[in-house]
Amino acid sequence: MKVVVLQFPGTNCEYDTVHAFKTLGADVEILWHKSETIPNDTDLLVVAGGFSYGDYLRSGAIARFSPVMKAVSSYAQDGGKVLGICNGFQVLTEARLLPGALKRNEHLHFLSKYHHLKVINNDNTFLEKLDKGDVVNIPIAHHDGNYFIDEAGLKELEENNQILLKYTDAEGNISNPNGSVDSIAGVCNKEKNVFGLMPHPERAMELILGSDDGVKMLQGFLDA
Amino acid sequence: MKAIVNISLKAGVLDSQGKAVHHALDSLHFNSVEDVRVGKQIVLQLNETDKEKAMAEVTKMCEELLANTVIEDYEIELV
Chain A
1 MKVVVLQFPG TNCEYDTVHA FKTLGADVEI LWHKSETIPN DTDLLVVAGG
51 FSYGDYLRSG AIARFSPVMK AVSSYAQDGG KVLGICNGFQ VLTEARLLPG
101 ALKRNEHLHF LSKYHHLKVI NNDNTFLEKL DKGDVVNIPI AHHDGNYFID
151 EAGLKELEEN NQILLKYTDA EGNISNPNGS VDSIAGVCNK EKNVFGLMPH
201 PERAMELILG SDDGVKMLQG FLDA
Chain B
1001 MKAIVNISLK AGVLDSQGKA VHHALDSLHF NSVEDVRVGK QIVLQLNETD
1051 KEKAMAEVTK MCEELLANTV IEDYEIELV
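Residue numbers (this note's numbering), protein chains in the order written: chain A, 1 to 224; chain B, 1001 to 1079.
Some hints here could point you the wrong way.
[Claimed, not checked] Chain A residues, not near chain B, derived (Cβ > 10 Å throughout):
#	residue
1	H33
2	R58
3	T93
4	E106
[Unchecked claim] Some but not every residue of chain A turned toward chain B, in silico, with C-beta under 8 Å:
#	residue
5	A61
6	A101
7	F110
Derived from the structure by calculation, the hints contain no laboratory data.
For glycine and all other residues, C-beta sits at the position ideal for the given N, C-alpha and C.
Put together the whole structure using the sequences plus the hints.
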């Protein structure tokens, strides 16, 4: 299992991500954004969190035009698995590989804390180790995590089981920290090979750090 | 020629910053304000002299990079 983690100027979660996948037994490599190709044996491409290009213009808007992104698009179109975490999710929406957009948090605060998430759909590689309705506790750390999609788009997400996770409380009742439409924390594309979420599963790998719920999430990719 | 691009959230997309500014104006007793929208302005110095070509070019820039048309509208003014 080969995981490739993308690194842009301003990315800051790439080493956590490498550590998380190494813990799970994967072979992991960091790829600098200037590369115009992706290693042939890549099984999963991760767009890691951070502040690519200082979030200038809009979060993810500049990274989207980095040399590597053309290769990312064709990799995704050929069915390759892509996971965007936090800023990576923003990059993937800007690149139109995922539907919707991420706006400034409703109350304008930067949020950095653990938050519960409920699994909405698990008929996909990412969440297949979890059951529908399962609640996981995963850190969030973002300023622009307010997911927006118009009504027609939301309907489409629902019909195709593209909503992965929603923000909830520990009991699984909706609890929306940032104003996201329908409390959405993560989505996938229609083909279910491109995934994006604002929370950080790579930061929830060990109980001693507060939660190891991230293991069950990322493990899905390893057994694929 | 200069192109002034004004970018704002689409009508119907909640503008949290506009709301916060509105709230702050209220607390300063500027009671005449009914609504606030916060946007951004990008000023481009162009070497193009043909207005039509400039407009076409800047429109393309907006669609590809300057605005995210999922949530934002843009207006272009050439001066």
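Margin query: Tell me the numbers of any earlier hints that the structure contravenes, in ascending order.
Written below: 2, 3, 4 and 7
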